[in-house]
Amino acid sequence: MSISVNSIASRLSPIVNDLPPSGIRRFFELANSLEGVISLGVGEPDFRTPWHVREACVYSLEKGYTGYSANAGHPELCAAISNYLERRFDVSYHPGSEILVTVGASEAIDLALRTLLLPGEEVLIPEPAYVSYRPCTLLAGGKPVGVPTSADDEFRMRAADLEAAITPLSKAVILCYPSNPTGSTLSRADLEQLAEVIIRHDLFVIADEIYAELTYQGEHVSIASLPGMKERTILVSGMSKAFAMTGWRIGYACTNAEILHGMYKIHQYSIMCAPITGQMAAIEALTRGETEKDRMVHSYDQRRRFIVNAFRDLGLDCHEPKGAFYAFPSIKSTGLSSEQFAELALIHAKVAMVPGSVFGDSGEGFLRASYATSIDSLQEAIERLDGFLSRLRRGDIDL
Amino acid sequence: MLTPIHLDLLHLIEENSRRTPDILAAIVGREVNEVKAMIQDMENAKIILRYSATINWEKVETNRVTAFIDVKVTPQRGVGFDSIAERIYRFPEVRSVSLMSGAYDLSIAVEGSSIQEVARFVSDKLSTIEHIISTTTHFKLKTYKQEGVIFEDQEEDHRLVISP
Numbered sequence: 011m012s013i014s015v016n017s018i019a020s021r022l023s024p025i026v027n028d029l030p031p032s033g034i035r036r037f038f039e040l041a042n043s044l045e046g047v048i049s050l051g052v053g054e055p056d057f058r059t060p061w062h063v064r065e066a067c068v069y070s071l072e073k074g075y076t077g078y079s080a081n082a083g084h085p086e087l088c089a090a091i092s093n094y095l096e097r098r099f100d101v102s103y104h105p106g107s108e109i110l111v112t113v114g115a116s117e118a119i120d121l122a123l124r125t126l127l128l129p130g131e132e133v134l135i136p137e138p139a140y141v142s143y144r145p146c147t148l149l150a151g152g153k154p155v156g157v158p159t160s161a162d163d164e165f166r167m168r169a170a171d172l173e174a175a176i177t178p179l180s181k182a183v184i185l186c187y188p189s190n191p192t193g194s195t196l197s198r199a200d201l202e203q204l205a206e207v208i209i210r211h212d213l214f215v216i217a218d219e220i221y222a223e224l225t226y227q228g229e230h231v232s233i234a235s236l237p238g239m240k241e242r243t244i245l246v247s248g249m250s251k252a253f254a255m256t257g258w259r260i261g262y263a264c265t266n267a268e269i270l271h272g273m274y275k276i277h278q279y280s281i282m283c284a285p286i287t288g289q290m291a292a293i294e295a296l297t298r299g300e301t302e303k304d305r306m307v308h309s310y311d312q313r314r315r316f317i318v319n320a321f322r323d324l325g326l327d328c329h330e331p332k333g334a335f336y337a338f339p340s341i342k343s344t345g346l347s348s349e350q351f352a353e354l355a356l357i358h359a360k361v362a363m364v365p366g367s368v369f370g371d372s373g374e375g376f377l378r379a380s381y382a383t384s385i386d387s388l389q390e391a392i393e394r395l396d397g398f399l400s401r402l403r404r405g406d407i408d409l
Numbered sequence: 010m011l012t013p014i015h016l017d018l019l020h021l022i023e024e025n026s027r028r029t030p031d032i033l034a035a036i037v038g039r040e041v042n043e044v045k046a047m048i049q050d051m052e053n054a055k056i057i058l059r060y061s062a063t064i065n066w067e068k069v070e071t072n073r074v075t076a077f078i079d080v081k082v083t084p085q086r087g088v089g090f091d092s093i094a095e096r097i098y099r100f101p102e103v104r105s106v107s108l109m110s111g112a113y114d115l116s117i118a119v120e121g122s123s124i125q126e127v128a129r130f131v132s133d134k135l136s137t138i139e140h141i142i143s144t145t146t147h148f149k150l151k152t153y154k155q156e157g158v159i160f161e162d163q164e165e166d167h168r169l170v171i172s173p
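Chains as they are written, first to last, in my numbering: chain A, 11 to 409; chain B, 10 to 173.
Derived by calculation from the structure, the hints in this document are not laboratory data.
Idealized CB from N, CA, C, for every residue including glycine.
One thing to keep in mind: the hints can contain errors.
Here are some chain B residues the structure puts well away from chain A; computed CB gaps all over 10 angstroms [claimed, not checked]:
1. 25
2. 61
3. 66
4. 74
5. 77
6. 83
7. 92
8. 98
9. 123
10. 140
11. 143
12. 150
13. 153
14. 168
15. 172
Coverage of chain A stretches by chain B, computed from C-beta distances (three or more under 8 angstroms per stretch; other residues unrestricted) [stated by the list, open to error]:
16. 49-57
17. 269-283
18. 288-295
19. 377-390
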């Protein structure tokens, strides 16, 4: 008996059926169909994983590390994470009960939401925001609530805006600073104001600090390090961005033992453990990777200054991103929507960027431009955009 | 006095000497005139000696032979190794001369158009210099990496064109 595709779809989970398709998919397909595209649309480092890390991984394979690890992660890696976080960010987690190694930070976010949420409870998400927070909240049975931020505030979520969005159903806040997509960061004072509201309303925080090392002005402050915050914060991070290890899929979650135990149970049944090969590489990176990491961060900082200056020279407003590896220039002066501009720039200048609207309504009028690419490629991209904008302003491009 | 900005400029120029002062200024976050002055100062101080390219000569059809020669010498009273090093580096065939620690004293790179030409240089000119005790010549067969540049890098950018 044949079954029509339509009837199959109608029998799938309505939550899955109702999930909107990823906003970047169309651009991905368009960019892939063109030759000679310079991509500023990539959300991962251009550096390869440092050789000493790769070499350590090969050695681990030679030594026979090919099986499962403990569910929560290899004890040596949990200890390395604990030491690293204490040394770098002044937060203390017990490696035996408060740290869970996950398949990328993405799994940790998913576990956190599934552990915290009762059906219909609300998750507050400062927007523009990373594209996975809303769907993951929905899949966990919750309701995502966007809290718009603006370029005037350098896309920092204000305590007053957070408080205005809180309802009796509010359960948690996701904080991703330094931010993908805006590159904005929060100061200690910003975090203290947010923490006061969060504690007063008894909310949990999922602190996605995957870009913490990529902070170029001031020092990254983890909200978990503030008084009264550790027990209500799930600190999520991983190896992908700072150590150029995206494909290894090693992330981690740190929180109090009760929350972690809940996350652990889901992880245990659905994932078992993060890949051992990646865990071995992560131990090497966390214990001996400081020099290489600093070299990469310094390079990002140089590119950051270059690209922000370049966008401003092109006549596009661009707030100064103080972290991550994204600039978020405004294209409002062109009168085009984010999607229109991104599509035309891709077709006419062969420069790929991600429309800001993909990251929430408050991203409309902006583009996400990743500077995780060589300075020479950035220079070429800016020259192409210069030519494209000149033609656009002269009316030489059909809209 | 060199600042961290001077050092950044040196690294950036060493990596790609075709970068203009405008580009360098944007990268290090300083005014163009300030960067030009810093570069001028470093040229005057002979910190920046010249602007050159790294070329894979093995891809060019030339008869170019390179030899690395370990040289043991007797240092001269009052001038140490410098005087002998100078007598060696004045030869146009000599591409580099460095004083080394360890089993020998000077490491020399010599270029010629054939093995015979390099051998003649070693036997006729180098070995006959007073105070040189011995030479050991190694001919280069292939270059894998030079000045931090991997010549035949098999690693490519496999990243997706757009990712979240």
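Here's how the hints hold up against the structure:
| no. | hint | in the structure |
| --- | --- | --- |
| 1 | 25 | violated, 7 angstroms |
| 2 | 61 | holds, 17 angstroms |
| 3 | 66 | holds, 23 angstroms |
| 4 | 74 | holds, 31 angstroms |
| 5 | 77 | holds, 25 angstroms |
| 6 | 83 | holds, 41 angstroms |
| 7 | 92 | holds, 39 angstroms |
| 8 | 98 | holds, 33 angstroms |
| 9 | 123 | holds, 37 angstroms |
| 10 | 140 | holds, 41 angstroms |
| 11 | 143 | holds, 37 angstroms |
| 12 | 150 | holds, 24 angstroms |
| 13 | 153 | holds, 14 angstroms |
| 14 | 168 | violated, 5 angstroms |
| 15 | 172 | violated, 5 angstroms |
| 16 | 49-57 | holds (count 6) |
| 17 | 269-283 | violated (count 0) |
| 18 | 288-295 | violated (count 0) |
| 19 | 377-390 | holds (count 3) |
Consistency note: the structure conflicts with the earlier hints numbered 1, 14, 15, 17 and 18.
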